[in-house]
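Enquirer: This is what each chain is made of:
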Amino acid sequence: MPTLAHAIMGVNTIDPADAEARLIRESLAGDQDAFAALVRRYQGRVFRLAGRFFRRPEEVEEVAQETFLRTWMKLGTYRAQAPFEHWLTRLCLRCAYDRLRRSRTETEALAQDEAEAAATDPNARLEVERLLARLPAADRFLLILLEGEEWSVAEIAERLGWTQVNVKVRAHRARKRLRRILEEG
Amino acid sequence: MDCGTVRDRLLRGARDASLDVHLGTCADCARFAHRISAAREAFRQPVVPIEPDPGFASRVVARLPRTAEVLGWAALRALPAAFALALTLAWLGWSQPPSAASLLTGEPSPEMILTYGAFATEAGR
Numbered sequence: 019m020p021t022l023a024h025a026i027m028g029v030n031t032i033d034p035a036d037a038e039a040r041l042i043r044e045s046l047a048g049d050q051d052a053f054a055a056l057v058r059r060y061q062g063r064v065f066r067l068a069g070r071f072f073r074r075p076e077e078v079e080e081v082a083q084e085t086f087l088r089t090w091m092k093l094g095t096y097r098a099q100a101p102f103e104h105w106l107t108r109l110c111l112r113c114a115y116d117r118l119r120r121s122r123t124e125t126e127a128l129a130q131d132e133a134e135a136a137a138t139d140p141n142a143r144l145e146v147e148r149l150l151a152r153l154p155a156a157d158r159f160l161l162i163l164l165e166g167e168e169w170s171v172a173e174i175a176e177r178l179g180w181t182q183v184n185v186k187v188r189a190h191r192a193r194k195r196l197r198r199i200l201e202e203g
Numbered sequence: 006m007d008c009g010t011v012r013d014r015l016l017r018g019a020r021d022a023s024l025d026v027h028l029g030t031c032a033d034c035a036r037f038a039h040r041i042s043a044a045r046e047a048f049r050q051p052v053v054p055i056e057p058d059p060g061f062a063s064r065v066v067a068r069l070p071r072t073a074e075v076l077g078w079a080a081l082r083a084l085p086a087a088f089a090l091a092l093t094l095a096w097l098g099w100s101q102p103p104s105a106a107s108l109l110t111g112e113p114s115p116e117m118i119l120t121y122g123a124f125a126t127e128a129g130r
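Chains as they are written, first to last, in my numbering: chain A, 19 to 203; chain B, 6 to 130.
Isolated chain B, as found in the complex (with noise of 0.2 angstroms):
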């Protein structure tokens, strides 16, 4: 068995008399072994073994917004959403053509005769 072979199988956590065999020879490894295995250990020791003192939840209680603050940055939130909706409704409204009735009555508008008229000179050509 080679080395990247050995230290691919210690990197996933296995160990069997092949490995063992190989650890025996070969020094290089065995440092690695060991010090996949001081690794291990240290993940799974806490770095800060703390434990919180009784003050802990009066001190998260006094930090928690009230209800009013609460619904406040929900709104801030929900601003640019707002904002983007507003100009959609703006653009579609904007962009609604003149209703048959609106043609029907009344004179026509200036943007009127020049959409219509570009029409009617497209359609003569």
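The shape of chain A in the complex, shown without the other chains (with noise of 0.2 angstroms):
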């Protein structure tokens, strides 16, 4: 029985939510060309969300692999009560993070550089992005979802797992430390 990644690569004429539940069945019965089928369907989002926490595109690329990664090792435990793209985003925001917290000397290294680099410049934009470089990486991680992504707090609380008390209070602290910072500036 052809399986569906070798059915996507004829004609196409299924539903796109039917192929998407086939590839992810297929992909926990460990079909990986089905998973292939199904991080082709998703890297770009992936890439786009990942990009916007990360300058380097090897860190970009790092983070999107390690997301389509834990999709293939927590799989299973995905229900379908929500979307499977929200699934995977809340994954991506975790590796994110994650990374975000453990390289956090590096990065606040190379912000440190780029502010420097745009100190000279007399762009207002580059002098915003100086100023933004001065912010913690968790406080800019929540900034670029409300003010980035545009989501409300019910909806950062769901994809990140946390309570939308945890969120408005993170989210608090974070403007508060923006404002001081673009005072200061």
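Everything hinted at is true.
Far from chain B, by Cβ distances over 12 angstroms, these chain A residues were calculated: (1) P154; (2) E173; (3) N184.
Derived CB-CB ranges, DEER-like: (4) R97(A) with D25(B): 44 to 54 angstroms; (5) R49(B) with D116(A): 17 to 27 angstroms; (6) S100(B) with E103(A): 49 to 59 angstroms; (7) D36(A) with C31(B): 55 to 65 angstroms; (8) W96(B) with E173(A): 44 to 54 angstroms; (9) A19(B) with R97(A): 36 to 46 angstroms; (10) A35(A) with R17(B): 36 to 46 angstroms; (11) P59(B) with D36(A): 23 to 33 angstroms; (12) D25(B) with D33(A): 48 to 58 angstroms; (13) T10(B) with S170(A): 20 to 30 angstroms; (14) K92(A) with G60(B): 19 to 29 angstroms; (15) R120(A) with L16(B): 24 to 34 angstroms; (16) L119(B) with R97(A): 49 to 59 angstroms; (17) A67(B) with A35(A): 20 to 30 angstroms.
Some chain B residues well away from chain A (every beta-carbon gap over 10 angstroms; in silico): (18) D7; (19) G29; (20) A35; (21) A87; (22) A89; (23) L90; (24) T93; (25) L94; (26) E112; (27) E116; (28) T120.
Simulated from the structure, these hints should not be mistaken for laboratory data. A quick note: this is a predicted structure, and the numbers were derived from the prediction, not measured. Positions of the beta carbon are idealized from the N, C-alpha and C atoms, including for glycine.
Assemble the dimeric complex from its two separately framed chains, guided by the hints.
Expert: Right under this line is the structure:
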């Protein structure tokens, strides 16, 4: 019986939701071709999200790879109660957050380099980038989700597995620090 | 409206006529408004606008652990829990009181004499 991964190489008349469910089922059964098809389906979304948190392309690639590796390992825990994309986004955010916390020193050093480079540039955008480089990684992470992705507190809580109160407290602190930095700069 | 309130409102993304009046007269708040708007724009822009290359999925698949490895990792993760369970069961086994049958048959062990002797002494007081 041809698998879906093979079928989508030919004429595709399958409903996208069914196709996705089949790819997940086949991946769970250990079909790596089906999983590759699932990766190709969502790799753009994962790269775009990871690209919001990391400056170096190799870091974005590493986070994206880590996301899909975790997807493969944890696929059995996906219950299809929420869209697969939400579940995948949550894994991607966790990977990005873990990496930010792990390589905090490295990230801050890079931010400092960029800040120094930008300090001599008269462009206002670069000036703000210089100021934002002083934000702690966790604050920047949350503000990107709130301001960049325009997610609500409830959406962030759901996708990160945090409580809404936790998100609100962190957001409040992040905005407070942002305000101080923008006022001082 | 004071500067603190204006900045709080700007931070929350508010913008109306009363704010514009204040911004027209306060250079510091106008500069803050400009910066907060640039910051929002910066948050919206992807820092690294890169697309995955065609070989990305293959690189991911090449790193996938085989099923046996996944099971191996799962077993390894369960090891501390299994160890704790074994300890608990062993402790429960050791702390079981002797059965009635074992008390009625055979000679009492030195530990039993010591334990029940102590009870008897305590009761006699």
